[in-house]
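*Asks:* Residue 16 in the working numbering sits at position 16 of the sequence shown, with consecutive numbering throughout.
Hints were generated in silico from the structure; no laboratory data involved.
In this text the structure is predicted, and so the values were computed from the model without any measurement.
Ideal Cβ placement from N, Cα and C applies to all residues, glycine included.
There may be inaccurate statements among the hints.
Label-pair ranges, simulated between beta-carbon atoms [unchecked claim]:
no. : residue 1 : residue 2 : range
1   : P185      : A8        : 42 to 50 Å
2   : S42       : K15       : 29 to 37 Å
3   : G294      : S138      : 39 to 47 Å
4   : H268      : H223      : 39 to 47 Å
5   : F59       : G23       : 17 to 25 Å
6   : D300      : A10       : 20 to 28 Å
7   : K128      : K278      : 40 to 48 Å
8   : S61       : K128      : 21 to 29 Å
Here are the simulated EDC-like pairs of lysine to aspartate or glutamate, each with C-alpha atoms no more than 16 Å apart in a straight line [what the hints assert, rightly or not]:
no. : residue 1 : residue 2
9   : K278      : E246
10  : K164      : E193
11  : K189      : D156
12  : K192      : D153
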Amino acid sequence: AFIGRIEANAEKLSKGRLLIYVGDGCPDFAESYHELVADCSSKTPDIPLTEDDYGAIYFSSGTTGFPKAILHKHQSLTQAAEMEQKHHSTGRDDVFLCIPPLYHTGAKFHWMGSLVAGSKAVLLKGTKPDTILSAVSSEKCTIVWLLVPWAQDILDALDRGDLKLEDYELSQWRLMHIGAQPVPPSLIKRWKEYFPNHAYDTNYGLSESTGPGCVHLGVENIHKVGAIGVPGYRWQCKIVDEQGVEVKQGEVGELCVKGPGVMTCYYHNEKATAETLKDGWLYTGDMAMQDEDGFYFLVDRKKDVI
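Please construct the entire structure, taking both the sequences and the accompanying hints into account.
*Replies:* Spelled out as structure tokens, the structure:
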């Protein structure tokens, strides 16, 4: 989809870089990935790795400006995969329906949770209601990750009679997970009318925390729909004011998280790193409050670019 934009800027982009193309019909401005690796050994390189080695660079969403390069160590990546598996109780017999693309941390570590469990994960090919339910049916998915608009579309199609649940094999579907945005309680109430046996789960995360799960609702807390949850596996949370002092329950402040998935730094950006990481705490830029039961609720963004 972006090949035209890249081609128009190929001369500028290729300075000091090698542009590599994956797939058939390699354009003239790039090198073919398949040709580059054709003569390479298929043997896995014998390179020792530790948890403290750098593992990946992901990019922020750019809500406060240009996207920033986020550097993570292998420790962050392994804990995110383990956390995902634990939060969903993923077992070998589960089949997870995952939202592509896999270059962002949300999809990557939902997917990696299945890898830890030794179970199957399926990439969703489209977002229309029939496409989703057909994938769940044909692939025998037990855990399905949806976004709020897609769940809403499924419910609306069922209300109109455009979809009939008896046309699909859905008996194995045990968990409906919604993430990446606040979830209206009314949506889950409607969902349970059509799918009364589904467990419901949501979580909160950001690329700087290696994706989803630093705050996690959990299937046992469906009575708290609307909350993003409580601290996830091996995570801590707090809410602070402008001076970095913790606020009282019920008061709004900036959500901060601390755990093994916190990024190492913003790559080559010391100023932004210092503003975001303080004494091991990741200042998320999200405004939140904590209720009397210890559950966290998102309120707003601290800063946005409009």
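*Asks:* Which of the numbered hints are not met once you compare them with the structure shown?
*Replies:* As far as the earlier hints go, only 6 is violated by this structure.
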